[in-house]
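Student: Assemble the dimeric complex from its two separately framed chains, guided by the hints.
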Amino acid sequence: MTRVRRGTLMLVLASVLNLLLFTTAAPESAAAPTQCPMGGGQTEEVEAEKVPVLFVHGIISGPEFWQEAAPGRQSLFQLADRVSGAAAYAFNYRNAGLSWVTDERIGPALAETINCLTATSGRQVVVVAHSMGGLAMQFALAQDGGKTANNVAEVVTLGTPFEGSVLLSVSQAAITGGDTIAAAGGNPGLAIGMEAVLSLCAKWGQGELGRGRDNPCSFASVPRSPVGTALLFGSANIDELPPWPSDEPLQSQAGDIGVEVALTIGDPPTRVLLGRVGIGDGPVTVDSATATGSAGQPVRCALGNPLSLFDSECWHTKLQTNPRLADVVLSAVRSSVTAQTPTPVTDVNWFNRRYEVACTGIAERPFTSEVRDGSGSGPADALNDGFEIRVVQVVTGDLTHDGSPETAVLLACAPRAASPNFFTVEVQLFTSGPRKLAALYPPGAKSEFGFEPRFNGQPFEVGADGVLRTGANYWVDQDGHCCPSVSRSIAWMWDGRQFLPS
Amino acid sequence: MDRSRRLVILLGALVVLIAVGVAVLLAVDRNSSRSVGAAGVTPAQATAAVEAVLSGDREAILAALSPPLASQLPAELPAPGPRPTSVSLVDWYQQDVFATATAVVQQPGGEIKLTVGFRLVDGTWRITFTEVVEQ
Chain X
1 MTRVRRGTLM
11 LVLASVLNLL
21 LFTTAAPESA
31 AAPTQCPMGG
41 GQTEEVEAEK
51 VPVLFVHGII
61 SGPEFWQEAA
71 PGRQSLFQLA
81 DRVSGAAAYA
91 FNYRNAGLSW
101 VTDERIGPAL
111 AETINCLTAT
121 SGRQVVVVAH
131 SMGGLAMQFA
141 LAQDGGKTAN
151 NVAEVVTLGT
161 PFEGSVLLSV
171 SQAAITGGDT
181 IAAAGGNPGL
191 AIGMEAVLSL
201 CAKWGQGELG
211 RGRDNPCSFA
221 SVPRSPVGTA
231 LLFGSANIDE
241 LPPWPSDEPL
251 QSQAGDIGVE
261 VALTIGDPPT
271 RVLLGRVGIG
281 DGPVTVDSAT
291 ATGSAGQPVR
301 CALGNPLSLF
311 DSECWHTKLQ
321 TNPRLADVVL
331 SAVRSSVTAQ
341 TPTPVTDVNW
351 FNRRYEVACT
361 GIAERPFTSE
371 VRDGSGSGPA
381 DALNDGFEIR
391 VVQVVTGDLT
401 HDGSPETAVL
411 LACAPRAASP
421 NFFTVEVQLF
431 TSGPRKLAAL
441 YPPGAKSEFG
451 FEPRFNGQPF
461 EVGADGVLRT
471 GANYWVDQDG
481 HCCPSVSRSI
491 AWMWDGRQFL
501 PS
Chain D
1 MDRSRRLVIL
11 LGALVVLIAV
21 GVAVLLAVDR
31 NSSRSVGAAG
41 VTPAQATAAV
51 EAVLSGDREA
61 ILAALSPPLA
71 SQLPAELPAP
81 GPRPTSVSLV
91 DWYQQDVFAT
101 ATAVVQQPGG
111 EIKLTVGFRL
121 VDGTWRITFT
131 EVVEQ
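From first to last, the protein sequence lines stand for chains X and D. Read in the numbering used here, the first sequence has 321 at position 321, and its numbers run on one by one without any break. Read in the numbering used here, the second sequence has 111 at position 111, and its numbers run on one by one without any break.
Derived by calculation from the structure, the hints in this document are not laboratory data. Glycine residues also receive a C-beta, built at the ideal position from the N, C-alpha and C atoms. Hints are not guaranteed to be accurate.
Said to hold, decoys possible - Pairwise CB distance ranges, derived in the manner of DEER restraints:
#1 A48/D to G258/X: 31 to 37 Å
#2 E68/X to A44/D: 39 to 45 Å
#3 E68/X to E76/D: 42 to 48 Å
#4 Q42/X to R58/D: 57 to 63 Å
#5 V104/D to G41/X: 47 to 53 Å
#6 E134/D to E68/X: 28 to 34 Å
#7 Q72/D to D239/X: 28 to 34 Å
#8 Q42/X to E134/D: 44 to 50 Å
#9 A79/D to P249/X: 57 to 63 Å
#10 G258/X to E76/D: 21 to 27 Å
#11 A63/D to S335/X: 56 to 62 Å
#12 R58/D to D327/X: 47 to 53 Å
Claimed, not checked - Stretch by stretch, here's where chain D covers chain X in the computed footprint (C-beta under 8 Å, at least three residues):
#13 171-182
#14 191-197
#15 268-274
#16 300-308
As the list claims (entries may be wrong) - Which residues of chain D face chain X? A partial, calculated answer using Cβ under 8 Å:
#17 S66
#18 L77
#19 L114
#20 D122
#21 T130
Just chain D, with the same shape it has in the complex (with noise of 0.2 Å):
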């Protein structure tokens, strides 16, 4: 008697840590969604559209940038330097049809950081600015 009484006992205590750990686990899961949920995901033409700007190509920056802004490129622009050994957009921010991220560039110089605004023009991002916020 004593035996089954004891047996029972355990057998509640472990409900209780078993529904304790799922309540654990899905508050966890449930906050790391949260601050996953800030930024959402980057659209990888998007980081296309930042290496055509970076690469001083007229023609793929004009490709690259949006209808207004592309309207008023310069004829000079900055000799094309050495590419970027890589490009990676965070922070990805959308609402409709604009868009902000932070673009973190490897260079040869080194690393810079770039505020980058986004418009979405027929399917595809077409950059509405950057600016360097780190360097």
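Here chain X stands alone, though its shape is the one from the complex (with noise of 0.2 Å):
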């Protein structure tokens, strides 16, 4: 009695257990998630139809350095992971930190990365670059053919050395026994900042060298690797990168350091100031930062000598700690969620819109029209001296049947000064987005002079079964033009792919 007991118990017990393993593994093998590589052999799983904000370090530094937030305040990284519609990641090249960006782990890499992130979120990305990051940026862009370049809606550099660093170049020039104030382009008052701001960096050492974050000089070892080359003022390296597209929206954004170097001479010591100078973020001065790209106004900070130089929030490696650059960021954002994000029909505004227009029959090619209040204007061609559009009517209902309104807008196109009989009327057809989904035109031949069927909008309308239903004119045999003799409506129905006249 026992032992059945018992064995009674142990089948339960194996049930159980086979029904939490079966539970536990059936939504892994169910639900493959879609993930994308982040670079350093990571991947990240992408949310879809959020726009993907990807964050790219600098030169000796991991994605941690955008976790860094100013005292009080979230990180960057959070601030765009929060705004609604958007997903921030970030890419990681630290085990390529001291190689140029041409590096397959580098450019290449984050190439992928972003054609991927499109490709699986179904948005462009914004990205966020930093320092050498941005230069990382700039090759990707060109990679696949452009083809990558299509994928980014926008980028905003942070402190990105687009003509190099002034501060390695004195650092060079300093190590190998050169001239300082040439290596500065004969500025002796930035020669003077450099080199205060590499005094200063001696502190840190290479004993830090690697941690990032905790060093704010870590670049100063940078001119004896391969990148240290390539990053000088005015290096070969970055001038042989592809140009950036000039149609790639790009914010460049730079921190400007005011700082006083002097002396402290004689009893009583007496402070003489030797050169007061903008020393940019230290590493990367303004004028780099901003050679490429439309440049926002540099975030200031005035300091009274250089001693608080890493304190200070535009720091080349606090920029990302700037709330006044994270404004900048936040916005870009912001706005690309909005251009990226489809709009129902219902919040269209159809009488003040943008329409590709066909007008056919009459001009010689499709052309834009910008409507206001309903009326809108096309250019003039070989035959016509220009268009005058109108919006007739809009109407809107769920003609796909696929639970979302579509909206139909029925369109006239007269040439200027032609008779008032002498015009087209097409129907435009859109789903959400504005997405143009088709353009119709009455079904039926010319007649005998020529005339071609044209919608009338009696009726022009969308009844309770879903179907948009429009009345045109015919004109048949002699039929003159003013006075067509056949009206007729027609059934517009949803196969699937496209609308079919009844």
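Tutor: Structure, rendered in structure tokens:
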């Protein structure tokens, strides 16, 4: 009896275990997550239909750079991730931190990540790049024959050395016994500022190399690495990068620290000011950071002396914590989300928007017309002096039976200074986006005198059955242009791919 | 027999004690060398450069400054005061040809502390800036 009970108990336990194993294993096999590579051998699951915001760090750094925040504030990464309709990701090339952007693990890998993000999310990517990350982006945009550029909505760079780094050049000149004023472009003030920065950076030294954000001067060890030469002021490696695509929006942001360099002389000790200079964000001057793209106003920080340089929110490795730059980035993200989020047809002002008009049979080619308060115009062509466009009627209904409404717009197009009866009418159908689904014309042949059938707006309605009905005039036999003798109602049925007339 | 066993135990304990002692000494030595290693040995010539700048003597100052700084030295300088009674440099940090240190200056008006930047030019440490941190 006891043995039987124990056996029964074992069976029950086995069944429960089976059930547990089955239920835990099932989702893994059923819902394979859609992931993209994020560099460094890492992958991340991508959220569909959310605008990806991809953060790209700079030299000798890593994705954790973007987690740093000013006291009492959230990190830029968190803030971007919280924008409704956006999702933040961080690209990682720490394992290639001292290589040039053409390295497979940097530029090409970044392009792969961007292309995957767009393919998976269905949205163009907003890229936020710091320092050399911006140059990696410049290289990535030209990959795949420009396909990557098509997948990027906008780029915001923070302290990217588009013309190289004066600080590195001064450092290099000092190491080789060269002229640091010449390395600073002949600007003694700038050379003074950069030498002061490099003296202070000695405190952090090589021992901190690779700790990234802990060391504000990690770049000071760069001159001996391959990327050190590439990032020098006016470097050939930067010049050889593919040009920034002219149609790719770029906001290049810069920090600008105003610093005073002084000597203390005599007794009583007297401060003698020897240089007051804008050193950019330290490693990158304002001119270099804004040499490409549309530059915003640099964020400025005034310091009395260089001792508090590394705490300045305009310092190169603190730019990601700067609230003013955060506003620029978040504004770009929100704009992109708005631009990429489909608008339901019910929210579109159909009497005030841009239309692509065919004006079939009259205009030589289709044209774009900005319609305001229901009226617009079109450009002249070889035969016509221009065109008048009019939105005659608008109706909305679920014409494709997918649960979301579509809108039909009745558009009239007439050549300027023509006979009142000489015009065409077309119906344009839109779904959310707004995306144009189709353009409709009345079926049927021309009359003997060459007059084509034309919509007349009677009726122009969507029935309770979700079918669009349009009225059209037909010229038959020898009808004059004034007087079509036949009117007909046409029902337009959606077959899953197109609208077919009854 | 008991006596020799006791001797063995005592010897064993002694060996263990010596081993522990050596280990402690090594650890202490390593820790002390770590703290010393944070800042390197200060070159005597760097101290002389700070003294030269404090002297107020124009020629001495020019010779002690890094070339960009020297190129911007104003024509008018504060009148030279009494020479400092002593200057010592501590916390010397160096990377390649750049360095920073703290100068503790004793002078008739009292003690001041300066942060001083340096650059090595043709084998000589030249000053890139000085800034009072404590007075």
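Student: Evaluate each hint against the coordinates.
Tutor: Structure-based check of all given hints:
1. A48/D to G258/X: 31 to 37 Å: Given about 32 Å between the Cβ atoms, the range holds.
2. E68/X to A44/D: 39 to 45 Å: holds, 41 Å
3. E68/X to E76/D: 42 to 48 Å: For E76/D against E68/X, whose Cβ atoms are near 45 Å apart, the range 42 to 48 Å holds.
4. Q42/X to R58/D: 57 to 63 Å: holds, 60 Å
5. V104/D to G41/X: 47 to 53 Å: holds, 51 Å
6. E134/D to E68/X: 28 to 34 Å: Given a distance of about 30 Å, which is inside 28 to 34 Å, the answer is holds.
7. Q72/D to D239/X: 28 to 34 Å: Holds, since Q72/D and D239/X (Cβ atoms, about 32 Å apart) stay within the stated range.
8. Q42/X to E134/D: 44 to 50 Å: With a Cβ separation near 47 Å, Q42/X and E134/D satisfy 44 to 50 Å, so the hint holds.
9. A79/D to P249/X: 57 to 63 Å: Holds - the Cβ-Cβ distance for A79/D and P249/X, about 59 Å, lies within 57 to 63 Å.
10. G258/X to E76/D: 21 to 27 Å: holds, 24 Å
11. A63/D to S335/X: 56 to 62 Å: holds, 58 Å
12. R58/D to D327/X: 47 to 53 Å: holds, 49 Å
13. 171-182: holds (count 7)
14. 191-197: holds (count 4)
15. 268-274: Holds, because 6 residues of the segment 268-274 of chain X bring their Cβ atoms closer than 8 Å to Cβ atoms of chain D.
16. 300-308: Holds: 3 residues of the segment 300-308 of chain X have a Cβ under 8 Å from chain D.
17. S66: holds, 6 Å
18. L77: At about 6 Å, which falls below the 8 Å cut-off, the nearest Cβ of chain X leaves the hint on L77/D intact, so it holds.
19. L114: Since chain X brings a Cβ to about 6 Å from L114/D, closer than 8 Å, the hint holds.
20. D122: With a closest approach of 7 Å, the D122/D hint holds.
21. T130: holds, 5 Å
Taken one by one, the earlier hints all hold for this structure without exception.
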